[in-house]
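**Q** If you read the sequences in order, they're chains V, S and P.
Heads up, the first sequence is in this note's numbering, so the first residue is 33 and it goes up one at a time.
Heads up, the second sequence is in this note's numbering, so the first residue is 17 and it goes up one at a time.
Heads up, the third sequence is in this note's numbering, so the first residue is 747 and it goes up one at a time.
By construction, these hints were calculated from the structure, which means they are not laboratory data.
Hints should not be assumed to be uniformly reliable.
[To be verified] Think about it this way: if two alpha-carbon atoms lie no more than 30 Å apart in a straight line, the pair counts; the simulated DSBU-like pairs of lysine-lysine are:
no.: 1; chain 1: S; residue 1: K565; chain 2: S; residue 2: K442
no.: 2; chain 1: V; residue 1: K50; chain 2: P; residue 2: K851
no.: 3; chain 1: P; residue 1: K873; chain 2: P; residue 2: K819
no.: 4; chain 1: V; residue 1: K50; chain 2: P; residue 2: K941
no.: 5; chain 1: P; residue 1: K766; chain 2: V; residue 2: K50
[Claimed, not checked] A partial selection of chain V residues facing chain S, derived with a Cβ cut-off under 8 Å:
no.: 6; residue: I113
no.: 7; residue: F124
no.: 8; residue: L127
no.: 9; residue: A134
no.: 10; residue: T138
Note that this is a predicted model, so its numbers are computed, not measured.
Every residue, glycine too, gets a C-beta built ideally from N, C-alpha and C.
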Amino acid sequence: MADAHAEHGEVQIDESLKTHVCSGGQFFGVYIALLFLTIVTVGVSYFDFGDFNMLIAMAIASCKAALVMAIFMHLRWDTPINNIAFIGSLIFLSLLFLFTVADFSTRSDMEPVHGIPAEVNNAFDWKSK
Amino acid sequence: MTTNVPVADVAIEEQPKENYLNCSKGFWSWAGTLDHKRIGVMYLIGTTMAFLTGGIFALGIRVQLWSPDGVMFTQETGLAGYNQMFTLHGVFMVFMFIIPAIPGALANFALPLMLGAKDVALPRLNLASFYLWLIGTGFAIYSILTGAVDTGWTFYTPYSIQTEQSVVSMGLAVFILGFSSIFTGMNFIVTCHKLRAPGQTWFRMPLFCWAIYATAILQVLATPVLGITVLMLAFEHLYHIGIFDPAYGGDPVLFQHFFWFYSHPAVYIMILPGMGVISEVVSVHARKPLFGYRLMAFSAISIAVISFIVWGHHMFTSGQSEFVMMAFSFLTFLVAIPTAIKEFSWVATIWKGSIALTAPMLYAMAFLVIFSIGGLTGIFLGALSTDIHLHDTYFVVAHFHAVMMGSTALAFFAGVHHWWPQIFGKMYNETLAKISACFTLVGFMVTFLPQFMMGSQGMPRRYATYLPEWQGYHQVSTIGAFILGTGFALMIGYLVHSLFAGKPARENYWGGATLDWKTATPPVHTNFDEDPVVTTDEIYDYSFLSEEKGKA
Amino acid sequence: MSHAVLETPTPSGGNFRPHKVAHHFTSAVQEFQSLKLAFWLFLVTEVMLFGGLFAGYYIYHEQYLETFVACGKLLNRELGSLNTIILLTSSWTMAMGVRACQRSKQREMINWLWLTVLCACGFMVVKYFEYTAKFDHGVFPGSFFAPDETYAPFFEGLLHPNIFFSFYFTMTGIHGFHVLLGIFAILWLIWQGGKGRFHAGFSAPVDLIGLYWHIVDLIWIFLFPLLYLVP
Numbered sequence: 033m034a035d036a037h038a039e040h041g042e043v044q045i046d047e048s049l050k051t052h053v054c055s056g057g058q059f060f061g062v063y064i065a066l067l068f069l070t071i072v073t074v075g076v077s078y079f080d081f082g083d084f085n086m087l088i089a090m091a092i093a094s095c096k097a098a099l100v101m102a103i104f105m106h107l108r109w110d111t112p113i114n115n116i117a118f119i120g121s122l123i124f125l126s127l128l129f130l131f132t133v134a135d136f137s138t139r140s141d142m143e144p145v146h147g148i149p150a151e152v153n154n155a156f157d158w159k160s161k
Numbered sequence: 017m018t019t020n021v022p023v024a025d026v027a028i029e030e031q032p033k034e035n036y037l038n039c040s041k042g043f044w045s046w047a048g049t050l051d052h053k054r055i056g057v058m059y060l061i062g063t064t065m066a067f068l069t070g071g072i073f074a075l076g077i078r079v080q081l082w083s084p085d086g087v088m089f090t091q092e093t094g095l096a097g098y099n100q101m102f103t104l105h106g107v108f109m110v111f112m113f114i115i116p117a118i119p120g121a122l123a124n125f126a127l128p129l130m131l132g133a134k135d136v137a138l139p140r141l142n143l144a145s146f147y148l149w150l151i152g153t154g155f156a157i158y159s160i161l162t163g164a165v166d167t168g169w170t171f172y173t174p175y176s177i178q179t180e181q182s183v184v185s186m187g188l189a190v191f192i193l194g195f196s197s198i199f200t201g202m203n204f205i206v207t208c209h210k211l212r213a214p215g216q217t218w219f220r221m222p223l224f225c226w227a228i229y230a231t232a233i234l235q236v237l238a239t240p241v242l243g244i245t246v247l248m249l250a251f252e253h254l255y256h257i258g259i260f261d262p263a264y265g266g267d268p269v270l271f272q273h274f275f276w277f278y279s280h281p282a283v284y285i286m287i288l289p290g291m292g293v294i295s296e297v298v299s300v301h302a303r304k305p306l307f308g309y310r311l312m313a314f315s316a317i318s319i320a321v322i323s324f325i326v327w328g329h330h331m332f333t334s335g336q337s338e339f340v341m342m343a344f345s346f347l348t349f350l351v352a353i354p355t356a357i358k359e360f361s362w363v364a365t366i367w368k369g370s371i372a373l374t375a376p377m378l379y380a381m382a383f384l385v386i387f388s389i390g391g392l393t394g395i396f397l398g399a400l401s402t403d404i405h406l407h408d409t410y411f412v413v414a415h416f417h418a419v420m421m422g423s424t425a426l427a428f429f430a431g432v433h434h435w436w437p438q439i440f441g442k443m444y445n446e447t448l449a450k451i452s453a454c455f456t457l458v459g460f461m462v463t464f465l466p467q468f469m470m471g472s473q474g475m476p477r478r479y480a481t482y483l484p485e486w487q488g489y490h491q492v493s494t495i496g497a498f499i500l501g502t503g504f505a506l507m508i509g510y511l512v513h514s515l516f517a518g519k520p521a522r523e524n525y526w527g528g529a530t531l532d533w534k535t536a537t538p539p540v541h542t543n544f545d546e547d548p549v550v551t552t553d554e555i556y557d558y559s560f561l562s563e564e565k566g567k568a
Numbered sequence: 747m748s749h750a751v752l753e754t755p756t757p758s759g760g761n762f763r764p765h766k767v768a769h770h771f772t773s774a775v776q777e778f779q780s781l782k783l784a785f786w787l788f789l790v791t792e793v794m795l796f797g798g799l800f801a802g803y804y805i806y807h808e809q810y811l812e813t814f815v816a817c818g819k820l821l822n823r824e825l826g827s828l829n830t831i832i833l834l835t836s837s838w839t840m841a842m843g844v845r846a847c848q849r850s851k852q853r854e855m856i857n858w859l860w861l862t863v864l865c866a867c868g869f870m871v872v873k874y875f876e877y878t879a880k881f882d883h884g885v886f887p888g889s890f891f892a893p894d895e896t897y898a899p900f901f902e903g904l905l906h907p908n909i910f911f912s913f914y915f916t917m918t919g920i921h922g923f924h925v926l927l928g929i930f931a932i933l934w935l936i937w938q939g940g941k942g943r944f945h946a947g948f949s950a951p952v953d954l955i956g957l958y959w960h961i962v963d964l965i966w967i968f969l970f971p972l973l974y975l976v977p
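Chain V with its partners taken away, still in its complex shape (with noise of 0.2 Å):
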């Protein structure tokens, strides 16, 4: 249809776009953090902290996620939609890990149900192990 319209001659020049700009200095500085988050969490992953390890890989993992979403992708400057949008599939996501990791994590907590071998009830139980 803009076509359409083009045949009337007229063209409009919109000047209103003005996007942010980062400094090269900015990028190049999150990418030297986020080569030296790399080195410490492979670093980190030769000695054994016990039930830390996910924990301290995870936290280092989002704090490299943290740099490349705000810097990188921009959405510190970004419209509050889309950073609502973004952080919403995260909340969302952990609705998905929240409860289907608290079942199984849950299983057979209650009493036995009777006529049932505990086998069969503890199948899937991570505590049974």
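Please build the complex by placing chains S and P on the supplied structure of chain V, with the hints as guidance.
**A** Just chains S and P now, with coordinates in the frame of chain V:
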């Protein structure tokens, strides 16, 4: 595309007005169109075809159940065909009709008009969504030809891993249809955010837009999880990756979690647009502003949010943790609050209104009755202890048909009848339409009330044969299904007839107050001749009608 | 209704072409913001898609902790780290490419984009070596899982080691598929960018494919420690 014929102002009465239907001609002007109204019409045709296909499967199911030993499939001939039939009924109705029907057909047509936009935000994506729907449907048909799926529409593992190869192509079909649905949802969210006309603030949006917006959130957030689940199911079938297969150390309940993380929000993807349609229809046909506008808007959003934390109530007998079951059961009751707000607000809207018993209004009233039944029986099923008894019986079948068929499908048809003059500029035979609406309501009751009763007595779903004591119920139900079928056949008949021989519809046929009625009938290609501006909070204000009458 | 065609300013210093704003938008800002929001919603679907896999991984990680710990050690940590560094570099070059586009530097943008493609191909090459190293020892996904005599002793006494490798191949496979798609998308940008379609007045495609590329990187940022380091 268009040839700009200079239109002399005086001649306008003489020749048929240019509108989006006649502004360009030829196959490619439709197949390659970026106009949301034309895409809506194509969706309308496509989803209705899917509905008829699914409906034929439904009638097949009911015929089979006429006698306890089965009519079409018996022990001697093998019962597997019955399983394929109810699977195809489910897949066609859910993925190809209910989910895309109202957003794809009605919202595509009406939402940009209601917002005062010239089109949806991403017209190409909109067209792509329709073609994905076509491709997905193609895959589904291919899977029928290569030996139909017999798992039920839920594809539960481990059975779906062992059964026919066609599960893979059906999974692919669902994956593609999912992306079609995601694209539609993305488009509507962006349209609601960025393309509202000047003055069209969030709380001046018609409730249909709110409902579609809430639906779109669900489509975008939930559908990808279904995508990855069916993808893993396909891998499971092809390579036995073992994630859902107990033989390889996987857990089939995890499949159910993933599946219902999508499919519970999906039932709101199905019903929320229907609620939106009903909001518009009751307001226009009762000539009253919608009762509790803000609460209605918030309740749409809160239904969307709550739907993400209740999926486990589909799995009460699956062996998931008892604590989680209690949590899911409790959370399920929360859904009743916003849903009841909606139901009561519709009733309050009609109350003391100037009710016109038009065809759309009859459909809407049937919706209100059946939706109450569907909603209230949902509470039984959400309650943990009752559900253990009722799980996988005909009570569940009747419950979700009350919500899906009796509510969403009826809302869809209410919407079709409501916007028909605006979409096509033609009017159908209203007397026949009213008769068809009555057929539908009666047919629904006759079909599904016996199912509630035999379900509560323990008749299990998905059985090709049954004990003789339920024969009476089944036979009444089968008769009801044919009454429903008659109603729908009649409807298709007069609607198609109206396209060719219907009377031209006058402008603003029902006297609606929202922007979708404040344009030509049917609308012009760019929706509005003058860019609309919304100046009032009273978007459902019908006083202009009496003023017009006064002038006349 | 305005009958004028809206155009964004066309910069000089290259063979830049004017960009017409689509007819249903009233301003270039509205068009850009719409495209961007839509793309963020698409990224949301990507997050949810991979999120399902992550949830499954986490549950089986807890379920078969010993298996996952032992199998994770079989993955090549050095190659994994190398790939992480390659992908982070590509993310940086992509960000610089978007920056060049926003400042209407045509040549610079295309150079950065080529660097990104180079890194992406490097990632796929390393991935290829990692995969074949596993395939050579009969470590295949799913029911083809049949480790040879070198690997078989590792799996002795472990419950369902095939599950770990199913996740490994599914997750890195789907991620690799996204990298491949990304390569084609960036090549398209280079092609169209050479024709001067992208500049400060119309940076949306570069911007959005950049976002896509970052999310591919983002997913790898989580995949890498989960598969290679934590077990």
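**Q** Hint by hint, work out which the structure violates, then give me just those numbers in ascending order.
**A** Those not satisfied: there are none.
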